[in-house]
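A.B. asks: Got chain A sorted already, so can you dock chain B onto it with the hints?
The primary structure of each chain is shown beneath.
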Amino acid sequence: MAEQCAVIGIGQTKHRESRRDVSMPGLIRIAALQALEDADMAFEDVDAIVIGTAPDMFEGIMMPELFLADALGAAGKPIFRVHTAGSVGGSTAVVASHLVQAGVHEKVLTVAFEKQSESNAMWALSPAIPFQPQLVAGAGGYFAPLMRSYIRRADAHPDTGCMVAVKDRAHGMLNPYAHLHLDQSLEEVKAAPMLWDPIRYSETCPSSDGAVAMVLVDDKHAKRVKNPAWVRGTSVRTERTFFAGRDQVNPRAGQQCAKDVYDQAGITNPLSEIDCAEIYVPFSWFEPMWLENLGFAEEGLGWKMTMEGQTKLGANMPINMSGGVMCTNPIGASGMLRFAEAARQVRGTADKHQVDGAKVAVGHAYGGGSQFFAMWIVSSER
Amino acid sequence: MRNVAIVSFAQLPSVRVSHATDEAELVQPVTSQAMNQVGINQDDIGFTCSGSTDYLPGRPFSFVAAVDGLKAWPPIRESHVEMDGAFALYEAWVRLLHGDIDTALVFSFGKCSLAPVPDVLNLQNDPYYVQPLGLDSISAAALQAQALIDSGKATERDFAEVAVRNRKNALANPNAQIKGNFSVDELLKEPYLSSPLRKSFCPPLSDSAAAIVLAAGDAAKKLTKRPAWIRGIDHRTEPHSLGQRDLTSSPSAKLAAEKAGVGDGKVDLAELHAPFAHQELILREALGLADDVSINPSGGALAANSLMTAGLIRFGEAASHVLAGKADRAVAHTTNGVCLQHNLIAVLEGE
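Protein sequence lines correspond, in order, to chains A and B.
The opening position of the first sequence corresponds to residue 1 in the numbering used here, with each subsequent residue numbered one higher.
The opening position of the second sequence corresponds to residue 383 in the numbering used here, with each subsequent residue numbered one higher.
So here's chain A without its partners, still in its complex pose (with noise of 0.2 Å):
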């Protein structure tokens, strides 16, 4: 690696259901823009753009980078699409942050959004595909066996899911730009429907239209800001979807994903060396598998964590603060927004949901058939 790369700027629109109000390009020159000033540079100090979205039928464009450069400031300059499913937000912030440290560019934007209201999302995850049985379930439908095996397994409380929709929709009540402000009780949330058992409807992502950008520099850039977020690990891992020899509850791949990053920050016990994580809960149950597979708890053990309150803002491991992908979910920019709220975290920029002297967080992402998986380690020391 020739370079260190830093965080030192980050911007995200307000999320909500349905954007109206902006364009496309609109929707991301509010992040874009945001991250800039935070930076305190402007589209023309930028040399290379990365941009992250899920599928492109979301909203009917073919490789929307090629129409929304102009809204970037791209002309002249290079823009790069990444789109590695669920964890692409996650993916395209690594590929930012490699050109800086690979030394290929001094500073990086990189933006990822969706405009979910542009199409239904559940339906676009449902299609006949030829040779294969139509799955019309949406992402829910295919989870939602993998969490009654990990409940099976574990020998979970059930209220488990319910507890973490309660928490991270308290979180999300800290954060102005989370899509839900929700203030429920577990007696509200145990109380809607059932949608795929184990899965409430109030345990589920909304869907949600927004962008999050970030600034990427090297170590002559950094001292731009007093607060530079330092990148200290990043990694991708990929499984595949269909093999018997994997098991989906609490996949290998997540694990290596894990295993490297913690090793690129010579962090030996994750639950004693990292002040809080955001990572990627779109159904309620993945907290606690998350946190085994991450290695915040020891196997069957993640759902004890949630159901102690230990995941909680103020607790000794608290995950999500923002609210996560459970309040705010704009599915191409849901991974880079788990990196941005660590990035922020380790800034100390947090306002309302900041974890008191954070200085190592980790941002995480996964996609497909809980097979992609996208990690970064970020520190407020170099």
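These are computed hints drawn from the structure, not numbers from a lab.
Cβ coordinates follow ideal geometry from the N, Cα and C atoms, glycine included.
Please note that a few of the clues may not be correct.
Here are the in silico distance ranges between beta carbons for each label pair [what the hints assert, rightly or not]:
id : chain 1 : residue 1 : chain 2 : residue 2 : range
1  : A       : E17       : B       : E568      : 56 to 64 Å
2  : A       : D247      : B       : D426      : 20 to 28 Å
3  : B       : Y511      : A       : E44       : 44 to 52 Å
4  : B       : Q626      : A       : D47       : 51 to 59 Å
5  : A       : E273      : B       : R384      : 25 to 33 Å
6  : B       : G562      : A       : A244      : 14 to 22 Å
7  : A       : D40       : B       : P395      : 48 to 56 Å
8  : A       : T268      : B       : A672      : 57 to 65 Å
9  : A       : K14       : B       : K550      : 58 to 66 Å
C.D. replies: For chain B alone, kept in the frame of chain A given last:
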């Protein structure tokens, strides 16, 4: 900066319809062939990256199925771009610069037989102001070709000469789809598809897949006698709106060529991703290629044009000449978007 090279290349022959091949069946043969050529397998690969588009099969996440064509177990470091496979090669090149891994597998696949491609490509246009007009890719390219004629830079005869040469070159390429000895006068008698473009000035629709293995430093030398070293590589874009561009030139290709160092030495051959005949003329000028440069010895995109793969195949074809010792310095080019909006250029050298 670390030296990275192309060490092997494999492709499926481009055909109009590749029946009943799904993503995994396209990907598995080419990736294993590319790895076999240098005696390695997936376990030896440090990073894997692919390029494809969901708009050909018409379903979201089609690239996910391609992973099933790989031996992705134990889990692999992997990424995907919704761009031509040549851009996946660019991401893999960046990844290898880190120094912790030495090899990368790059692949792409595209089946034009699954979709009405010229109409689908209208979806690359601005969704608010242009898409509703139904500007298919042939009509858009025709606007560019007419602008070129109006500027006095080229004539329809020049377009025909480009088409004739490419398809003649393709006679020596077993993987090409459209090949033969055509005459310029014969082509100029074809009816217009979209004036001034005739059928032969437009690319065929092809199904194909391709794979390339990249290796860095000593690892490259161990895998092959004469690696095709990537001496320079760069990509640039232009404003999206056709009205904001001078369609008769390609400033983004010119800039990318400068950054990649195309003009720093004698170029033996260039593989240009010019789906339409007139675009080759624009690119030659933008890259500043001398008259003695062999252009598209493979026949180029006019002989075989599998969307998302045609660009990676340009890189592979250019590298093949260097790997075989038939060229010392080759240029590879890929384009993306309507009327050459986005261009990627690399210089490959033998020593």
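A.B. asks: Mind checking the hinted window 57 to 65 Å against the Cβ distance between T268/A and A672/B?
C.D. replies: Given range 57 to 65 Å: holds, Cβ gap about 59 Å.
A.B. asks: Just tell me: holds or violated, for the beta carbon distance of D40/A and P395/B against 48 to 56 Å?
C.D. replies: About 54 Å separates the Cβ atoms of D40/A and P395/B, which means 48 to 56 Å holds.
A.B. asks: Is the hinted range of 44 to 52 Å satisfied by the C-beta distance from Y511/B to E44/A?
C.D. replies: Roughly 26 Å apart at Cβ, these two residues miss the hinted range, so it is violated.
A.B. asks: Is the distance from the Cβ of G562/B to the Cβ of A244/A consistent with 14 to 22 Å?
C.D. replies: violated, 49 Å
A.B. asks: Does the Cβ pair E273/A, R384/B satisfy 25 to 33 Å?
C.D. replies: Because 31 Å falls inside the window, the suggested range holds.
A.B. asks: Please test the hint of 51 to 59 Å on the beta carbon pair from Q626/B and D47/A.
C.D. replies: violated, 22 Å
A.B. asks: Can the suggested window of 20 to 28 Å be confirmed for the beta-carbon pair D247/A and D426/B?
C.D. replies: holds, 25 Å
A.B. asks: Does the beta carbon distance between E17/A and E568/B stay inside 56 to 64 Å, or does it fall outside?
C.D. replies: holds, 59 Å
A.B. asks: Cβ-Cβ distance between K14/A and K550/B: within 58 to 66 Å?
C.D. replies: The hinted range 58 to 66 Å holds for K14/A and K550/B, with Cβ atoms some 59 Å apart.
The structure shown violates the earlier hints numbered 3, 4 and 6.
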